[in-house]
Structure formats: structure tokens, C-alpha cells
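J.: If you want the building blocks of each chain, they are given just below.
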Amino acid sequence: MIPLPPTAPPGVPTSEALASDLGCFPTLEQYLALVASFKEDGFELCADLCGVDYLEHPGRALPEGVVATRFEVVVNLLSLSKRQRVRIRVQAGNDEARVNSLFDLYPGSEAMEREAFDLFGILFDGHPDLTRILMPEDWEGHPLRKDYSVGRVPVQFKEAPGPR
Amino acid sequence: MSDLHVRSAERLDPLTVETSEGAQGLQRRDFTKKSELGREVGAVLRAHGLMLDPNDVDVERQDDETMIINMGPAHPSTHGVLRLMLELDGEFVLRTKPVIGYLHTGMEKTGEVLSYVQGGTNVTRMDYLSPIANELSYCMAVEKLLDIEVPERATWIRMLMAELNRISSHLVWMATNGMDLGATSMMIYGFRERELILAFFEKTAGLRLNLNYVRPGGVAADLPDGWEDDVEVICDTIYERTFEYDELLTGQPIFRLRMEGVAPITAEEALALGVTGPVLRSTGVPWDLRRTLPYLAYDQVDFDVIVGTYGDNFDRYAIRLNEIRESVRIVRQCLEKMPRGDYRSQDPKVTPPPRARIGESMEALIHHFKLFTEGFAVPTGEVYSAIESPRGELGCYLVSDGGPQPYRLHVRAPSFVNMQAVPLLMRGGMVSDAITVISTIDPIMGEVDR
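Note that the protein sequences, when read in sequence, are chains D and E. Quick note: the first sequence uses the numbering used here, first residue 2, plus one each step. Quick note: the second sequence uses the numbering used here, first residue -5, plus one each step.
So here's chain D without its partners, still in its complex pose (with noise of 0.2 Å):
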């Protein structure tokens, strides 16, 4: 584990994280200045930014003191000059899941904040341009949500009665 770079806002809780140097818990108001000030600190590129919906798994292991909600986006940053990665998830909300866009900082997450924004439906303020990427534009729902059920392809075998 590595320490939280010395201009991080305090009391970010943290823990191990699996094939990460480090994992970081801030709240909605820090999650943008504890960015910050990993990028000031020599990570240089946000490699991944993605959602997850624990609807269906809220009991999962978090620090003491972070509060669990069912959207979380997940931001995983790579110093090329210190070889280390940071993986910070951020608890975003229940129902109207919204959180500030890195764009700002990381022109590159810009895709993935879009793409979040569509299969999750998560709101980043500040994002430029939040139209869905990956769904067409009419479409309904978030599809991976959990509550979206997967579709279905019903499956005629050869033999089988026709639905006529």
C-alpha cells in the first residue's frame, strides 16, 4: 500500500485493493479534489472509469465510515513515472446516482463517463457533452442496471410445435 499523496483532503478512508498499490473511499464533495491531487502527484493517465450496480450485492466489504449505496463508479489512475495504480471507488448514490465529471482533469474519461452515463444512467456534472455513446439515442432504461432484465431469444427447435 502507498500513502494518499500530501495534498489529498483528509480523512479519505482506504484500503488494500487486488492488483492495485492502493484503494481510496471518498465521499461525492472529496472524490474530485482527492483526483486532483493524485494527477499533481504524478498520475498521469485515468486508464479506466466504469459503474457498478450493487443492487443485488449490497453487503460487500467497504472501510469503516464509507456508507454503501447502490451505484459506485469506479476510477482506476496509472503513474507512468512511478509505476503504481490507484483504484478509487466512490460511493455515487441510490436513485439519482450523480457525480462530479473528471473531464476537467482527464480529458480522456470523457467516453467512459458517457458510456457510464448510458448503461447505468449516472450523471456527471460538468461533462460536456452526457448523451448516450454505446445505446441508441430513443432508447429506454439503463441496460446494465440491474434491475434491466437481459433479453431473450426465444429458441425454435427443429422438432418442436411452431408458436402458430
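There may be inaccurate statements among the hints.
Cross-link-like lysine-lysine pairs, in silico, BS3-like; alpha carbons within 27 Å at most [claimed, not checked]: (1) K103(E) x K343(E); (2) K343(E) x K138(E); (3) K364(E) x K138(E); (4) K331(E) x K197(E); (5) K138(E) x K147(D); (6) K147(D) x K103(E); (7) K40(D) x K83(D); (8) K138(E) x K331(E); (9) K83(D) x K138(E).
Label-pair restraints from in silico Cβ distances [what the hints assert, rightly or not]: (10) P59(D) x R351(E): 33 to 43 Å; (11) S16(D) x F363(E): 35 to 45 Å; (12) D240(E) x Y149(D): 43 to 53 Å; (13) Q340(E) x P14(D): 50 to 60 Å; (14) R351(E) x A69(D): 39 to 49 Å; (15) P59(D) x G84(E): 37 to 47 Å.
Since the hints were derived computationally from the structure, they do not count as laboratory data. Even for Gly, the Cβ is constructed at its ideal location relative to N, Cα and C.
Please arrange chain E on chain D, whose structure you already have, making use of the hints.
T.: Quick look at chain E alone, frame taken from chain D:
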């Protein structure tokens, strides 16, 4: 929600009403918000520490001088179903917006209903030119959650296959890039040489393209008898022929004119946009996960990380050509150092009993049946495992709730992220250069859309 800039189908803007994409498409300049214009033309400037004035974005240009045209989704040079909306001023590209999602099949959602054993068949179809890289990143994530050791031979087999796959992927890139530039003979040569590797894959895994060869705990099958000779032939042939490509393309004045100095990108811009892989290395950043954060046994083989200088099309071409040679070097070392032993973990949790035992032992039969119907449970947790795919950092973020299926499977697709560099690279170039930009970014639409 009103203060957020969320555009939806209800707020249809003029001009794009007729198209099915609505707000996703490129809007006319006078209907585009300043913040979005800033994203398209100036986002990366902020990486240099300059603040962008949102009012200073080509304001002098009158709208009726420009034209928005569609390129794709079914355009042969878009390498799949990529749709680009280009704003043109005569022959010059001002703004570009990639419109993606035409190949979206919900593979991340599908991954949540497939067991960990079946998951490989799903992820292998994402980046269809480098299936081994996808499976590897997925299986390494599963193995980290399970905390199981992979036998040494399996590691080396994985490395051998991953490098052969890198060669075949780069060969297809050389072929299609040649095609885009009118070097049609390169098209034939690239696919011809790739066939050698696909034939070896078929011999080893039984399939040519979507292999599902790397499994949690090891690989699906041991290398076939006489694999050394096959690999030797592949190495010799392809190494020798890279010099022929060199002569054919690098020595071609038209090819060089269209590649050299076209669409440059700086290291700061590439890093700000999250670009990885050959495109990042072309700017001179020696970042290759095989070297910098080694996985498998890459720390035990000798190879060079190829970097460029100018970050232009030609550097990206030269890097891929030389990476083929470096991969051949790694494959030769795999050939030399391939250890003996098991090709998959002997942990009964992930590995089915041997075929011979199933006929004589009821327990083995039940075990086999349970493993392939129910799958194995993976401890609760989450992991992000990244590898260097031929296109850049391929990451797999996996969340497990303790059940036999992943709770969440997210793939950090390098093509998806690299696609963000397209508007920057195309800006100010010609339409004909737009073709080379798409080509040298090397997007695989199956991976972009997943």
C-alpha cells in the same frame, strides 16, 4: 437535472432530426454548445496548462462555409461499423465526431449471466483480432480473485500464444493499412502470413479466431506434437518477410508522403486522452505493460520496447512493424525456454478431472458435470487486471459477489479509449488523411462497442 448538460431525444435539434442518432451526432456549429466545441477542439489544450476560452473557438468562421458529412458506418476504410461525422471546409476537416455503438451487443451484460468457465467464450469475441489478449486479461482477473497459481508451462504457453496473436493482429493492421493507402499487395501479403498463425491456432486450440484457449487456471490444451517445428517456420517466415514489407512500404514514396508528418500527436495530448499502446509509444513514451508492469513471464525474456519520436502516422506504422520483429524474438525465446509440466492448474476447483477418470469414478463424473453446468464460485471481491494488448492497455474489472457468475464484468477496451484521439488527429487534415488516421489508430469495432 435541469442544470446538467444532458441532451436527450426529446430536445431534438434542427438538422439532426432526420438522422436516427439525434443528439449523439455532430451538431451544426451554431447549435453546438461552447463547452462541447471546447471539448472537440480544445480539451487537450488544457493538458498544456492553458485555459481554453470557450468563446475563442473558430468564431470567425461562418456556418454556411462548412459542410457536415457522414463517413460510414458502412465505409470500407472505417474497419468495421464506425461512423464519423466530419465538418469540412472544402477538403479540410474541422471537427470530427465518432458515432459508435453500431456493433454494441451488450457483452458486459452477457458476461453477468455466464459462469466464469463460460466467460472466456464471451470476452474472446470482443477484440476479434487478438482473442488471446482478451482471454488473458479476463482469466488473470479471475485467477487473482481465486488466488490460484498457474503452472509455469501454462504461463509460457500463454505468452507464446499472446505474442503469436500480437503478430497476427499487427499483420492484419499492416494489411488493412496498406489497403487504405492503395497498397493492395500489402493486403494480400498481410493476410497470407496471418494464415500461418491461424493454422497454428487451429492446430493448438481447434479454432482459428475465437479460441477460448486461455482458461482460468491455465490453458485449454497442451501444445500439439511438433509445435516447435511449426513455430520455427512461422518465426523464420514472418521475420524474413517483415523486411519485404519494409521494402514494399517504407521504400514507397507515395506511402511515405501520406504517412510522414501526417496527424501528429504529442505525448501530453496522448496521456491526457488516455491513449495507450503503439499510439502512445509513437510519441516517445516508453510505456509497455510487458516491460513496465510485467505480467506472465515477460520479465524473463529479452525484448525491446519500440518507441517513436514524432507521433505521426509513420511512427505508428514503424512501431507496429518493429513490434512484429520483437514478438518474433519473444516467441523464439518461448521456444527455447518452454518448461515441462502441467498446462493447467491441478487445483480441482477450476480444473475438471482427466477424461480417463470420468469413465471409472462417479465422483469424477459429478465433479466434471458440476464444473461445466454450475461452474465454480469465486470469493467476493473486485479486481482490475491489465495487460498490453496489440492496441494498448486492455483491462478487465471484475466484481464477484461470491457466486459462480461475475457480478460485474467491465472491459477497458484500448480501442474505445484511443478513439477519443480521432477528432484531435483529424483536425486540420485532409479527408484523405482522415482515412490514414482511422487506420493508424487501429480501432477494432467489436472492442469499441462490446
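J.: Now tell me, hint by hint, if it's right for this structure.
T.: Each hint, compared with the structure:
Proposed proximity of K103(E) and K343(E) is supported: the alpha carbons are some 25 Å apart, at most 27 Å. At roughly 14 Å between alpha-carbon atoms, K343(E) and K138(E) fall within 27 Å of each other, so this suggested pair holds. With a C-alpha separation of about 22 Å, the suggested pairing of K364(E) with K138(E) holds against the 27 Å cut-off. Taking the CA atoms of K331(E) and K197(E), the gap is about 21 Å. The hint holds against a cut of 27 Å.
Taking the CA atoms of K138(E) and K147(D), the gap is near 25 Å; set against the 27 Å cutoff, the hint holds. At roughly 9 Å between alpha-carbon atoms, K147(D) and K103(E) fall within 27 Å of each other, so this suggested pair holds. At roughly 12 Å between alpha-carbon atoms, K40(D) and K83(D) fall within 27 Å of each other, so this suggested pair holds. For the hint linking K138(E) to K331(E), the alpha-carbon distance of about 25 Å falls within 27 Å, and the restraint holds.
With a CA separation close to 23 Å, the supplied pair K83(D) and K138(E) stays within the 27 Å bound. Range check, P59(D) to R351(E): Cβ separation about 41 Å, and the 33 to 43 Å hint holds. The hinted window of 35 to 45 Å between S16(D) and F363(E) holds, with their beta carbons roughly 38 Å apart. Roughly 51 Å separates the CB atoms of D240(E) and Y149(D), a value that falls within the hinted 43 to 53 Å.
For the pair Q340(E) and P14(D), the supplied restraint of 50 to 60 Å is violated, since their beta-carbon distance comes to about 39 Å. For the pair R351(E) and A69(D), the supplied restraint of 39 to 49 Å holds, since their beta-carbon distance comes to about 44 Å. Separation of P59(D) from G84(E) is about 58 Å and departs from the stated range, judged on CB atoms against 37 to 47 Å.
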